[in-house]
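Student: Note that our numbering numbers the sequence shown so that position 287 is 287, with each residue one more than the last.
Keep in mind that the hints were calculated from the coordinates and are not lab data.
Keep in mind it's a predicted model, so treat the numbers as computed, not measured.
Ideal placement from N, C-alpha and C gives every residue a C-beta, glycine not left out.
Keep in mind that a hint or two might mislead.
Label pairs and their in silico Cβ distance ranges [unchecked claim]:
| # | residue 1 | residue 2 | range |
| --- | --- | --- | --- |
| 1 | R90 | P63 | 10 to 20 Å |
| 2 | G49 | L166 | 17 to 27 Å |
| 3 | Y119 | P196 | 17 to 27 Å |
| 4 | R271 | Y119 | 48 to 58 Å |
| 5 | D79 | R120 | 32 to 42 Å |
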Amino acid sequence: MRFLFVSAQLPGHLDWGGYLATAMTLQRMGHDLLWASGDAVRDQLAQAGIRQHTLIETGWRWPPPPPLQPVPKQDANADPAEAERAFRQRKQLRSLDQWLETERVVAAAHELLSVAENYRPHLIVGETFMASAAIVGELTDTPFVVAGWPAPLSRPQSSSDAMVELARVRLQDILTRCRASGRNWTAEGPPALCSPHMHVTYWSPTWFSGIEHGAQTRHFGGLANALPAAPRLLPPLLPEADDGPWVLVTLGTSFNNDPNFFIAAAHAVDRMGGIPLLALGRPLRPQVLAPLQGRLPASARLFELVNFQELFPHLAAAIHHGGAGTTHRLSPMLSLRSSCPTPATRCAKRLGSRAAALACNSLPHKLPFNGWPMFWRHFCRTERQCAPIPGRYKRSLTSLAERRPRRSPWSS
């Protein structure tokens, strides 16, 4: 069978807790795989042995625009609450532009449609920000699956929510220009990809307990013992393990232009006796290092990127933004809430000490190292949350494609 996987052109968007692993498993079973994404992930896909079609446009804006700056208060009598509301709307619009900007998505859909017509997939799999994949799935009448995110529930739109109204108008414009009806989208409320067939997550059901989602969601996390143990090799260029507990500090590769975050987190870790490992996600050039110069503790170590497979078995914890590439690992975490809810930030507020993530509004958040072993033992006893099980998700995807041959226009 032929599977077309689609993602944004960022390493983290190949992950989502097991997205790339899903493709690798299907390919090992003998299925044909094609991954459509930008040139920036070419090396990572090649290393995984996955054939890539390089897209000129994925629909994901990269690089992102400069960080927003608060509007200076011109009037001493200006309402602070109104200024905050306006700034929040600007942030929401910036997030929407990241993945649902009209011209960019329309161009991506046209390009991906050509790929699908030539490749003739039996199933299209896309991550939750690949609007073009949802549209092309409908246009080619091919079953579409969302990887890494549970199925959302359509919610009635609040009459006062101007941003939701703007987003729905924008989505309708995109669908009209692509001659699509929106079969793979939510019908109401904030626009989101919503496959009627399947949403695959790489967390366990208990990770999402108490959070409403569509019945087509399938959870493939848990039971870490089902996976062969990976060798616990010590990654190179890191401090000695005896120097203190290692704590990863990262904002991923998309929204990492925040030196104050790295400075505050590094000092919080240092005060608790740990060694902060800062993965900046950007080349360590002078302009990147300048805001950090002289403001980090001596214990801090700086990296552009780190290999999660190698590093996480040795971590005491991680402080991060809730990205899927970090939250699916079994490590205690502090997750900073962001404007875009992630699997970590949505669940952390509810799960508390039982979860792999703790939400905090600001750093430093007091979690003494001597408390982490007890937390860790308790967590391992009660929740085997996050390890993907290849045998389960590959069977589900293949069975979906096999039992719906009438949904695919490609007969061979």
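Student: Each hint needs a verdict: does it hold in this structure or not?
Tutor: Consistency of the hints with the structure:
For R90 paired with P63, a C-beta distance near 18 Å keeps the hint of 10 to 20 Å intact. At roughly 42 Å, the beta carbons of G49 and L166 sit outside the given window of 17 to 27 Å. The supplied range of 17 to 27 Å is met by Y119 and P196, whose beta-carbon atoms lie about 22 Å from each other. Distance hint check for R271 and Y119: the Cβ-Cβ separation is about 54 Å, which falls inside the suggested range of 48 to 58 Å.
Taking 32 to 42 Å as the suggested C-beta distance range, the pair D79 and R120 does not conform, at roughly 57 Å.
Of the numbered hints stated above, those contradicted by the structure are hints 2, 5, listed in ascending order.
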